[in-house]
Amino acid sequence: MSGFEREVLSVLPRLKRYARALTRDVSDADDLVQDCVEKAFARRASWRGDNLQGWMMTILTNLNRNRLRSRGRQPAFVAYDEAEDLASGEAERDPLQLDRLTAALERLDADQRAVLMLVVIEGYRYAEVAEMLDIPPGTVMSRLSRARRNLASALQACNVVELRR
Amino acid sequence: MTNRRENEITEAELHAYVDGALTPARHAAVEAWLETHPQAAKDVAEWQAQNEAIRAAFGETPVAEADDLAMVSGLSNRRKKRPGRLAMAAGFALFFLAGGGTGALVTASLDRGESRQTQIAQMLPEASKTNYLVYASEVRHPVEVGADEEEHLVNWLGERVGRKLSAPDLTAKGFQLVGGRLVPFAEKPGAMLMYENDDGDRVTVLIGNNPAQEGTDFRFDETDGVSTFYWTDGSFGYAMSGAVGRETLLGLAHIVYVQY
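Each protein sequence line maps, in turn, to chains A and B.
Reading the first sequence from the start, the letters are residues 1 to 165 in this note's numbering.
Reading the second sequence from the start, the letters are residues 1001 to 1260 in this note's numbering.
Fair warning: there could be bad hints in the mix.
Stated by the list, open to error - Below, a list of computed lysine to any residue pairs in the SDA-like style, where the Cα atoms sit at most 25 Å apart: (1) B:Lys1042 to A:Arg125; (2) B:Lys1173 to B:Pro1211; (3) B:Lys1042 to A:Arg149; (4) B:Lys1188 to B:Ser1166; (5) B:Lys1042 to A:Gly138; (6) B:Lys1188 to A:Val26.
Said to hold, decoys possible - Here chain B is said to cover these stretches of chain A; the calculated rule only asks that three of the stretch's residues, wherever they fall, bring their Cβ under 8 Å from a Cβ of chain B: (7) 5-14; (8) 17-26; (9) 30-38; (10) 48-56; (11) 133-147.
Please keep in mind that the hints were generated in silico from the structure rather than gathered at the bench.
No residue lacks a Cβ here, since even glycine has one placed at the ideal position from N, Cα and C.
Chain A with its partners taken away, still in its complex shape (with noise of 0.2 Å):
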């Protein structure tokens, strides 16, 4: 096993935890470690050599936009009252959509719920998730004050539907 290899084991876990963040299921989270994991590794002479675990979970926030793109199910937020007939129609089809937070976190568009959980789960600071995802500052702190807003009307959305249960 390369010294490579190695460190790619070592931040293993923390990549998992941050898909399992972006993602609807384990399964779907595992998958998109996968792909970064390969495309670390065809990408590997692209490293510099320092901080693997950013330049990792860069490739893995790109790689999860993609995978919603392409499956044309990139969530938009909807206005609240479009959410609350959305919901319910979903709330019957899929049970695990009773779980209000991962309702309302799927409604969260990729680049949202990316820096929130950068943010909140593995506590990089403003300035870092800036520079990992090659945006502006003031980027970050408009989806970081949309991701928050959205997220606070899409569970008072589901709030309603679980009142008319």
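Since the structure of chain A is already known, use the hints to place chain B on it.
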């Protein structure tokens, strides 16, 4: 308005306040400001609650899992047909908000369990090797509880794993106990003990549950320079890994085998 800079709180600062990213002075300033700004205070409270909920759902301590090594070495057969070995706490912790829907998830995890139980002979060496590779290379925190608290260590791990545990004495072979930690194995708590010799060579012992009580005799596996001996005995599986060569490890594993 004596000092505009001090009194003005931006939304960015409110987020930084929620995320604990402010200096103590600014933190206090925001706290005071919120007392006279109820709408902002309501937002902040909401965001704090979100943070807590998100952490409860996804913020578990990252730990090495049985399939880590397969993922890195490109040996993973998990894709598309994955048996779903580790439907971990992340998924289940989500229910703190809902209360409903648990039935469906519990069923799903039981279904997965069946396919996993037939693989313990494969999982044991894989998990042991991963634990060794991840933790034995840690310089500062290779273990959660050190050998200086050996009694506490074995009592604690024994209780979590569900059997009386002791740390086998390997000093005859020149290995001292470093300590141990709780590790996941087959979706349940497992125990890992670590030993080290004067040359700094480390070996790890894994004790995990074996719910189907599958029998596996004493076996050897060597991959990527890591040797592993493993076996099962009733409700438990055992594995010992190290990069110390087969003969040395055999000597150590034999002692562990006899003591367990």
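(message) Could you work out which of the previously given hints the structure breaks and list their numbers from low to high?
(response) Of the numbered hints, 2, 10 do not hold.
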